[in-house]
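All chains, full assembly: derive it from the sequences and hints.
Going down the list, the sequences are from chains A and B. Just so it is clear: in the first sequence, position 9 is 9 by the numbering used here, and no numbers are missing. To convert a position in the second sequence, counted from 1, into the numbering used here, add 148.
In short, the hints are calculated from the structure, not lab data. Wrong hints could be hidden among the right ones.
What the hints assert, rightly or not - Straight-line alpha carbon distances no greater than 30 Å define the calculated DSSO-like cross-link-like pairs of lysine-lysine that follow:
(1) A:LYS78 x B:LYS171
(2) A:LYS64 x A:LYS38
(3) B:LYS228 x A:LYS64
(4) B:LYS228 x A:LYS108
Residue strings, one per chain:
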Amino acid sequence: MEDAMSKKRSDEREESAAGKTPEQSLGEYLANIRAVRKLTLRQVEEATDGDVSNAYLSQLETNKISKPSPNVLHSLAKVYVVPYETLMEKAGWFVPPAAPAEELRSGKPAKHGRAATFATENLTKEEEEKLLEYLAFLRSRRSRGEKT
Amino acid sequence: MRRPDDYSLDEYDLRRIRKEAEKCLRQANALGRFPTPVADIMDAARVTVASEDLLDEGFVAQFRRSAADAGRLLKRAIKKVLGITDVFHRVVYLARNLHVAKRPFIKLHETGHAVLPWHREVYALTEDCEETLRPDIAEQFEREASTFAADVLFQVDAFFH
Numbered sequence: 001m002e003d004a005m006s007k008k009r010s011d012e013r014e015e016s017a018a019g020k021t022p023e024q025s026l027g028e029y030l031a032n033i034r035a036v037r038k039l040t041l042r043q044v045e046e047a048t049d050g051d052v053s054n055a056y057l058s059q060l061e062t063n064k065i066s067k068p069s070p071n072v073l074h075s076l077a078k079v080y081v082v083p084y085e086t087l088m089e090k091a092g093w094f095v096p097p098a099a100p101a102e103e104l105r106s107g108k109p110a111k112h113g114r115a116a117t118f119a120t121e122n123l124t125k126e127e128e129e130k131l132l133e134y135l136a137f138l139r140s141r142r143s144r145g146e147k148t
Numbered sequence: 149m150r151r152p153d154d155y156s157l158d159e160y161d162l163r164r165i166r167k168e169a170e171k172c173l174r175q176a177n178a179l180g181r182f183p184t185p186v187a188d189i190m191d192a193a194r195v196t197v198a199s200e201d202l203l204d205e206g207f208v209a210q211f212r213r214s215a216a217d218a219g220r221l222l223k224r225a226i227k228k229v230l231g232i233t234d235v236f237h238r239v240v241y242l243a244r245n246l247h248v249a250k251r252p253f254i255k256l257h258e259t260g261h262a263v264l265p266w267h268r269e270v271y272a273l274t275e276d277c278e279e280t281l282r283p284d285i286a287e288q289f290e291r292e293a294s295t296f297a298a299d300v301l302f303q304v305d306a307f308f309h
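Given below as C-alpha cells:
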C-alpha cells in the first residue's frame with residue numbers, strides 16, 4: 001500500500017509537470033489536473049456541490065468556453081488544490097500590466113478592476129491607483145491607532 | 149440553459165450567488181428577520197465599516213502632503229466612488245455624504261466583494277500587485293456584488309427547485 005507521503009510527492013511532481021508548460025491552455029491544464037487527481041467529471045460535480053456541472057467542465061476542458069466563469073474556476077481551484085490565480089490567468093481574465101488603458105466609445109474610461117468599489121462613474125487607471133494608495137494610507141493610520 | 153459565451157449573469161452564477169447570500173444570512177441568524185439586519189450580517193461575515201469618512205478633508209490633505217498628488221487625482225477618484233473595500237483586511241470605507249437610504253445596499257455590495265470567495269481572492273491580489281481585471285469581468289463582478297446585496301437584503305429564497 002503506497003504510503004500517503006510518497007503518493008503526495010508523486011502527485012506534486014505530476015502536478016508541477018502538468019503546469020510546467022506556460023503555453024498550456026486553460027482546458028489542457030484543467031484536463032491534466034483532473035487526470036492527476038483521478039476524478040471523473042461527475043465526481044467533480046459532486047465535490048463542488050453542483051456548482052460545476054459535468055457538462056460545463058467538459059466544455060471548459062475542450063476550450064469551448066471563451067469566457068470561463070470565475071466562480072466555477074474558484075470551485076475548481078479548491079477541489080483540485082491549484083491556485084485560483086493560475087486559472088484566472090489562463091482564462092485571460094487579467095490585463096497585462098503594460099496594456100494601454102481601455103476607453104469606451106464615449107471616450108470615458110472602461111471599468112478598471114483593481115479596487116473593490118461601488119463607483120458612479122468608471123475610474124481612470126491613474127485615479128484607481130491613487131485611490132488604492134489612499135486606501136493603503138488609511139489602513140496604515142488604522143493600524144497605528146490614530147484617532148480622527 | 150447555460151449560454152457559454154454570454155457573460156451576463158446566467159442561472160448558474162445567480163444560483164451560486166444566492167447560495168453565498170443564504171450562507172451569510174444563516175451565519176447571522178438573520179433569515180426571516182425584517183428589515184434585514186445589515187449590521188448583524190456584516191458582523192457575522194467579519195466585515196467592518198470604517199468610521200473614517202472617505203471624503204474627510206483632513207485625511208485627503210494629509211495624504212496629498214505625503215504623496216505627490218498635485219493633479220487632484222485623489223479628489224476626482226473619491227468623487228466617483230460611494231464606497232471602497234480593503235478586501236484583504238475586510239474593511240469597508242463609505243462616503244459619509246451617502247444618502248441614508250442607500251447605505252444598506254452599498255454596505256452589502258462592498259461586503260459581497262469581501263465575502264464572495266472568487267471576488268475576495270482576486271481583489272486581494274489586485275490591491276497590492278499590478279494585476280488588473282479585464283473591464284468586462286470587472287463589470288460582471290459589480291453585477292454579482294449588487295446581486296448578492298439584493299439577495300441578502302430581500303432574503304430571496306435560495307432554493308430554485
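key: In rising order, the numbers of the hints this structure does not comply with   = Failing hint: just 3.
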